[in-house]
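Asker: As a plain string of letters, each chain reads:
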Amino acid sequence: MSKSRNKTHNKKLGQIPGSIIYTGKKASHKLFIEAFDYNKDQYIEKELLAVEESFEFKLTNSTTWINLNGLNHVNDIEKLGNHYNLHPLVLEDIVNIAQRPKIDEYEDYLFVVLKMLYYDENNNITTEQVSFVLGKNYVLSFQESDGDVFDTVRDRIRQAKGRVRNMHADYLLYILIDAIVDYYFSIIEVLGDKIEDFETAIFNGKITDDVSKDIQDLKREILKVRRAIFPLREVISRIEKHESPLIQKKTKTFYRDIFDHLIQVSENIDIYREMIWSLMDMYMTTISNKMNEVMKVLTIMASIFIPLTFIAGIYGMNFEYIPELKYKYSYFILWGVMVLLFIGMLFYFKRKKWL
Amino acid sequence: MSKSRNKTHNKKLGQIPGSIIYTGKKASHKLFIEAFDYNKDQYIEKELLAVEESFEFKLTNSTTWINLNGLNHVNDIEKLGNHYNLHPLVLEDIVNIAQRPKIDEYEDYLFVVLKMLYYDENNNITTEQVSFVLGKNYVLSFQESDGDVFDTVRDRIRQAKGRVRNMHADYLLYILIDAIVDYYFSIIEVLGDKIEDFETAIFNGKITDDVSKDIQDLKREILKVRRAIFPLREVISRIEKHESPLIQKKTKTFYRDIFDHLIQVSENIDIYREMIWSLMDMYMTTISNKMNEVMKVLTIMASIFIPLTFIAGIYGMNFEYIPELKYKYSYFILWGVMVLLFIGMLFYFKRKKWL
Amino acid sequence: MSKSRNKTHNKKLGQIPGSIIYTGKKASHKLFIEAFDYNKDQYIEKELLAVEESFEFKLTNSTTWINLNGLNHVNDIEKLGNHYNLHPLVLEDIVNIAQRPKIDEYEDYLFVVLKMLYYDENNNITTEQVSFVLGKNYVLSFQESDGDVFDTVRDRIRQAKGRVRNMHADYLLYILIDAIVDYYFSIIEVLGDKIEDFETAIFNGKITDDVSKDIQDLKREILKVRRAIFPLREVISRIEKHESPLIQKKTKTFYRDIFDHLIQVSENIDIYREMIWSLMDMYMTTISNKMNEVMKVLTIMASIFIPLTFIAGIYGMNFEYIPELKYKYSYFILWGVMVLLFIGMLFYFKRKKWL
Amino acid sequence: MSKSRNKTHNKKLGQIPGSIIYTGKKASHKLFIEAFDYNKDQYIEKELLAVEESFEFKLTNSTTWINLNGLNHVNDIEKLGNHYNLHPLVLEDIVNIAQRPKIDEYEDYLFVVLKMLYYDENNNITTEQVSFVLGKNYVLSFQESDGDVFDTVRDRIRQAKGRVRNMHADYLLYILIDAIVDYYFSIIEVLGDKIEDFETAIFNGKITDDVSKDIQDLKREILKVRRAIFPLREVISRIEKHESPLIQKKTKTFYRDIFDHLIQVSENIDIYREMIWSLMDMYMTTISNKMNEVMKVLTIMASIFIPLTFIAGIYGMNFEYIPELKYKYSYFILWGVMVLLFIGMLFYFKRKKWL
Amino acid sequence: MSKSRNKTHNKKLGQIPGSIIYTGKKASHKLFIEAFDYNKDQYIEKELLAVEESFEFKLTNSTTWINLNGLNHVNDIEKLGNHYNLHPLVLEDIVNIAQRPKIDEYEDYLFVVLKMLYYDENNNITTEQVSFVLGKNYVLSFQESDGDVFDTVRDRIRQAKGRVRNMHADYLLYILIDAIVDYYFSIIEVLGDKIEDFETAIFNGKITDDVSKDIQDLKREILKVRRAIFPLREVISRIEKHESPLIQKKTKTFYRDIFDHLIQVSENIDIYREMIWSLMDMYMTTISNKMNEVMKVLTIMASIFIPLTFIAGIYGMNFEYIPELKYKYSYFILWGVMVLLFIGMLFYFKRKKWL
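These protein sequence lines are chains A, B, C, D and E, in that order.
One rule links them: number in the numbering used here = place in the first sequence (from 1) + 260.
One rule links them: number in the numbering used here = place in the second sequence (from 1) + 260.
One rule links them: number in the numbering used here = place in the third sequence (from 1) + 260.
One rule links them: number in the numbering used here = place in the fourth sequence (from 1) + 260.
One rule links them: number in the numbering used here = place in the fifth sequence (from 1) + 260.
A hint or two may mislead.
Because identical chains share one entry, a pair is satisfied inside a single copy or across any pair of copies.
Unchecked claim - Listed next, the in silico EDC-like pairs over lysine to aspartate or glutamate satisfying Cα-Cα at most 20 Å (straight line):
#, residue 1, residue 2
1, LYS612, ASP406
2, LYS512, ASP438
3, LYS550, ASP364
4, LYS290, ASP336
5, LYS285, GLU449
Please keep in mind that the hints were generated in silico from the structure rather than gathered at the bench.
Model, not experiment: these values are computed from the prediction.
Construct all of the structure, not just a fragment, from the sequences and the given hints.
Answerer: See below:
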C-alpha cells in the first residue's frame, strides 16, 4: 500500500512544484459533476456536462454545492479552480491523492483535505481522498471516483430535512464531513469484530501458520486507519477555532460535535491497537503451551519405555552364566517388576500434573 | 463491548445530525422522574408521573434537582430539554450512550457527561452514562436505568446533613459527581484484588490454559475503566477553572478535591495496567520453567538408560567368538559397571543442579 | 498494598464530603503533641498533654512548630484545625492517609502533604503520610505514629545549629521537608543494592523459581516509591514559585535545592526501573540458555548411543545366515567400528561447539 | 556508520572552535563551482574556475545562485564566506559534515543545513550534507561532491519553466530544498519495498540465519533516514515562520507545502519503523513454529517405535521358560498387536492435530 | 555505581543543609590551584601555593581563570568562595559530587555544574564533576582531581590562538565547556564501537554465557552517559537565553554551537540505546536458532535409527517359528530394506530443509 502510494508520488518526481498532476490509479474515470444550489425556499439539482456550466452558480446568493468526481480530469479541475481563484498549490493538492488530512487557510476560502474510508469488494479497507473548498456561499468537493457517503446529504437538501436549508455553506461543509466521519464508526466496528474473532480463534487453538501474517496485516490496517483519522482531529479543531466570516459562531458547536466523534474513534483505534499487540503475545503463549504439551508426551513415553527396554536388553544378553535365566518364574517375576515400574512412572507423572 | 458500542452508534448512521435517538439496549425501560426542591429551611421530594410536572420548579428560587431514569423516553427528554432551552446537540448527546466524559459550556448552563461504573450480576464491569445539566438554580440528571449511587445525596438533602442545604446548585452537582467518583475506588479495588489473585495463581503454578485469555480480559477491563475515568479529569479541571456565575468560587475547592481523587484513581489504574503487562511476562516465564523441567526429566532418563541399553545390546549379539560371554563372572562384572555408570550419571546431574 | 489502601478509602464510602475520618490502621495510637517556639535568642520545647495547650503559641511573634503524632485522634486535630482556621477539606485530607503528595494554597496558609518512606521490620518499604500547614509564623505537622526523621531538626533548634534560629517558619518547613527527602536517598540506595544482587544472582545462575515473583515484587516497590516521590517534585516547584509573604525570596533558593535532590532521586528511580525490566529479560535468557544446555546433553547422548545400539541390535538378530557372525574377529572389528563412530561423533559435536 | 561519523568528528578534537576543517572522507575531490544569475528576462550560467570569479555577481540586482562542490577546498570556501560576510561558525559548519539539519538565523542571511539522501552503488542509503546560505538576492549552496538532485532546478532556470524566473532568492531556495525532499520519497519507497520483501520471505519460511542481522541493518537504515529527515521539519517550520524581508509572505505558502511533504515522509518512516519491530516478532514466531514442528516429528517417531522396540526386546530375552516363545503363531499374533498399536498411535496423534 | 554514589550522599545524611562536605572518594588528593590572568596584550600564568594568592586577581580588569583541583580541601574552597561572595549552597554543591548538571543563576554570578566523562584504566566510563562560577571578569573552575581536557584552552591563552584573548570571561567559559563537550564525542564513539562489536559477535555466534551480562553493563553505561549529558542541554540553552551583562550577545552564538553539539551527542546516545535493546532481541533469536539446530540433529538421529533398531529388535526375538529367520537371504534383504528406509528418511528431511 505505502509502496504504491509512494510510486504514485514518483510520477511527480522532478516536476515543477505547482504542476497539477493526478497521482492516482483511476486514470480512465469518467468525469461527473453535479451542482446543488439552494436557499430556505427552493433548491436546484443539476448534473453538469461541462465544468463551465457551474460558473453561473457563483453569482447567486444562495448556497451552492458543486461536487466533482474524477480527479484524472485535471483540465476541468483547473478551469474550475481558476474560476474560483484557487491557489495553484490547492489544485495540485486536490489531484495528488497522497495528501494527509489537512486544512489550509486562504484569504477568502478554506481548503480541507480528508480521507473517506470504506471496505472494497475484497473486504480490505480502502481510502479515497476527498477535498473541500469552502467559500463565502459555496462548497466545492472533489472525489476520485463515483460512489460516496453523501446520499443522506443530498436527500436532506432535496427534502429540506433538518436545518440544512436554513443554514449556510459552513453548515453544508459540516454535514458533508459528518457523513464521512460517521462512516468511520462502521469501519472500526468491523476492525473490532476481526480482533475479537482472532482472540477467539487463538484461544480455541484454531490457529494456522498464517496467524502471524494475519496479525501483521491487521496491524497495518490499523495504521492505515490511524493515519487517515488522527490528523483530521487537528483539522476539525482548527475549523472550530477559525476566526473569519466563513465559519459562523453557531456552526462551531456542530464542528465541536464532529471533534468529539473523532476523539471517540481515535480512542477506539488506540484500544484496538493495544489489543492487537496483545494478540501476538497470546499467540506466542499458545505456541509455547503447545510445545510444552508435545514435550510432555515425548518425555512420558520415553521415560516409561526406555528403562523397561533396558531391562529386556539385560536378559537378552548371551552370557553363559546368568543365573536368573534358569529360574522357571523369572519371566513372570520380571513382568511383575515391569508393570510395577510402569505404574510407578504413571503415578510420578500424575503427581507432576503432566497427565 | 466495543463492538456492541459501535453497533449502537450505527443505529444513527445516516441520520440527520441533531436527531435525538436513544442508542442503548434498555429500550423498554419504564420512565422514572423524581424532583427535589430545597433551600436552607425546607425541601420537597416528589416522584413525577409526567415530565410536565417538573416545569413548576423552574420558577422557584430554591435549588432544584430533577433526576430522570430511562433514556429510551426520548420524547419526554425532548420536552424537558425544550423547557430548559437545551441545545439540540445536548439532547442528542444525552440519549446517545456512546459519549466520552466531556463538558460543554453553553451560555446559561453547563452540560456534563460522565460514566457510572459498577459490577453487574456476572461480576463484569458495566458502564452507564449519566448526564448532568447545571443551570443557575437547578441540576438535571439523566440516567439510562434505575439504580444509582445517589442515595447518600438524597439522604443528605432530606436530613439536611452536611452543608448541602446551605449551598447552591453547583454544590449539588459536586456531591452528585463525588458520589460517582467515590464509587470508582471500589471498582479499582476489585481490579487490584483480581490482579493479586492472578499473581498468586501464576506464582503457585495453578494455571490453566485460559490464563492468557483471562489476562487479555483483564487488560480490556482496565482499558474500559481508563476510558471512563481519564477524560473526566479534564472535565473536572475545566469546571474548576470555569469563569461564570454558575460555579461559585468557594465551591471550586470542592471540585479540586474531586480532581485529587481522580488523580489517585488514575494513578492506581496505571499501576495496575503495568502490573497486568508484567503478569504476561511472569506467565511466559512460568511456561518456560515448566518446559525446562520436562526437558530435564527426559534428558536424565535418556542419558542414563540409553548407554546402559547399548551395553546390554553388545552382549546380546550373536557372534560366535565373544570372549567375555564365556567368563563365569562377566555378568556380575557387567552389572557392577552399569551400577557405577548409573551412579556417575546421577552425580553428574547432581553437580549440574538438575536433580 | 493498593488493596488495603483502597479498603481504607472505603471506610469513607458514602460519607458526607468533608467528614473528618481517619482511614489508617493505627487506630489505637496514643496522642503525642510537642511544641517548639523559638527566635534568634531563645527557644521553648514542650510536650503537650492536651491540644489546647498549644493555643498560646499562636499569639507569640516567635516561630512555632507544633508536631502531632496520632491521626486517629480526629477530635484533637479538629480542635487544632479550628483554632488555626483550617478549611474542613484540609482536616479531612490530614487524616485520610490515602493522599497523594500535594500542595493546596489557601489565603493565609499553605497545606502540604507528603510521604515519609522507611523500611519496616520485615525490610519492606513503608510509606507514612506527613502533612504540614505553614502559616505566617508557625508550622503544624501531622504524623500517623511516633518515630520520624526529624531528630536533626530538633537538635538544630535546641542547639541553634545552622541558620534555623535566625530564619522564619518557611525555613523551618524547608528543613523538615529536607530531612524527609534526604531519607529517600537511603531508600533508593537499598533498592539499588537489591537490583544489583538480583543481577549477580541471575548471572551466576543462582536462581530459584521465585525469581519472577521477586522481580514482580521489586517492580511494585519501585512503583510505590515513584508514587510517593514523583508528585512531590511539582509540590516543591510550586512552593518555590509561590508568590506570597509566606515564602521569603531568600528561602526559595533552599527549596530549589530540595527540588534538585528530588530530580536526582527521580532519575535514579527511573534508571532502576529500566534495569528491573531488563532483569526479566536477563532471566528469560538465562532460562533459555539452560534449556539449550539440557537439550545439548540429551542430543549428544542420544546421537552417540542410538546408532551404536542399532549396530548391536543388528548382530543380535537370529537369522540363520549372517556371515559376519562366523568370522572369528568380527566382534573385535565391530568394537573398532563403534569406537571410530564414537570418536567421529565427539569430533562432530566439538566442531559444533557443543562440547 | 555512526562510528565513522564520530571518527570524522575527532579530526577536530582539540581544535580551536571556529577552525574550518573538513571532516569528510572525500579529501581529494576536485573543486567545482557554478553560478547562475537571472531575472525575469535573462539568465547567465557559468562554470567558475576560481572562487573569486563569483564576486562580481554580488553586485547585481538579479538573483544569484552559486553552487560549490568539494568541501575539502576549505580555503576557497573561506574566501567565498568572507566575501559574503559569513560568521566563522557558519564556515565551520559547512565543512563539518557531521551537522544535524538546522537553521541559524543571522542578521542579513539565513544558514540552512540539510541532508541529501541517495542509494550508493552497493544499494546502501548514503547521506550527503548540503548547506545553503540565503541572502537578500543570492543563494549559496555547498555540497561534498558532484552529482545532485538539482538538475530540474537548473532546467527550470534555463528554460524559464514554472515561476522561478519571476520570483526571488527565497523561491530559489524553496525549489532547491523541494528537489531534495522530493527525493526522500523514493528513498522511503525502497525501504517500504525491502520491508515487504522481508515480510513475504519470513512468511514463506524462506529465512536464513542472517535474517536477524538483516532486520538489524534495516533498523539502522530507518534510524539514519529519521535522523536526516525529522529535524528538517522544524527547520522548514522556522523558515515559514521567519519574520524578515528575506522570506516573502507569498513564498511561505510554498514552504508550508514542503512541510506537508516532510510530515508525510515522517509518518511513513514511523509506520515502517513499527513494522520492522513487528518483523522481529514474526520472525521469532516463525522460529518457534519451526521448533514446534521439529519436536512433533521427534515425538511421533519416538512415541511410536519406543514401545514397539520394548515389545521386541521382551521376546529377545533368553529366559528358559517364556511360554509365548513356543506357540507356533505367537510371532504373527505379535505382529498384529504391533500393527494395532501403531495404528492406535497414529490415530491418537491425528486427533491431537499433530499430523 | 549508583550504589556508591548514594553511599557518598549518605555521608551527609542528617547534616545541616548548607554544610560543606566533600562526598567523593579521593579524600587524600593534593590541592592544586592555578591562575590565568589575561587581556588582549598580555597574560600571567601562575601555580598558587595557597588560595589566598588568588585574591589579588579579583581586583584586575583583565579576565581571570582560577582552576582548583582537589575537592577534599573544603576549607580552601570555602575561603575562595567567601572571597567571591558565593552562596553557601553553591559551596555545598561544588564539593558534593552527586550533582546533576545544572545552572543556578545568582545576582552577580552564574554557577554551572557539569560532568567530565573519560575512560579510566579499566576502560570503564568514569564521570568527574566539574563546577564553574562565571563572574563579571573571572571564571572559577573546581575539579575533583588532576588531569583534565583543558590543555587546549591553556595553550590558546598562552599563545593567543583563536579569539580567546580578545574576548571576555563568558567566552572563556564557553571554550572550557566546549572542551568537555568535544570529549563526549570520543566517549560515544567508543560506545558505538562496542555495540558494533557485539553485533558482529552475536551474528557470528561467538557468544558466551556472559553476553546478557555484558549487554546489561552496556545498558548501564549508556544510562550513565545519558544522565551526564542530557541535563546539560537545558543548562546550555539557559545560558544562551540568559539575560544579564554576564553573557554578551555575540558570545551566545557560540553557546548555540555547543547546544547543537549536545543535540548531536544526545541523538547518537538514543540511537545506541535503541540498538542495545535490539541486541538483546538478536541474542534471543540466536539462542532460539541454536536450540532449533540442536533439536534438528536430535530429531534426525532419533527418527532414522529408532525404527531401524526396532526392525533389528524384531529379528532378535527368540520365537521358535519366525519363518524369515530360515531363509538364506533374509539378512541381506533386511539390509536392503534398512538402507532404503535410511535413504527415504534422509530424503524426507532434505525436503523439510533440515539438512
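Asker: Between the shortest in-copy and the shortest cross-copy C-alpha distance, which are at most 20 Å for LYS285 and GLU449: within, between, both, or neither?
Answerer: Between. Shortest inter-copy distance 17 Å satisfies the 20 Å Cα cut-off; intra-copy 28 Å does not.
Asker: Could you figure out if LYS512 and ASP438 sit no more than 20 Å apart (CA to CA) within one copy, between two copies, both or neither?
Answerer: within (13 Å within a copy, 31 Å between copies)
Asker: Is it within, between, both, or neither for LYS612 and ASP406, if the alpha carbons may be no more than 20 Å apart?
Answerer: For LYS612 and ASP406, neither the intra-copy (66 Å) nor the inter-copy (50 Å) Cα distance is at most 20 Å.
Asker: I want to check one pair: LYS550 and ASP364. Are their C-alpha atoms no more than 20 Å apart within a copy, between two copies, both, or neither?
Answerer: neither (55 Å within a copy, 53 Å between copies)
Asker: Taking 20 Å as the upper bound on the Cα-Cα distance, should LYS290 and ASP336 be classified as within, between, both, or neither?
Answerer: within (12 Å within a copy, 50 Å between copies)
Of the numbered hints listed earlier, those contradicted by the structure are 1, 3.
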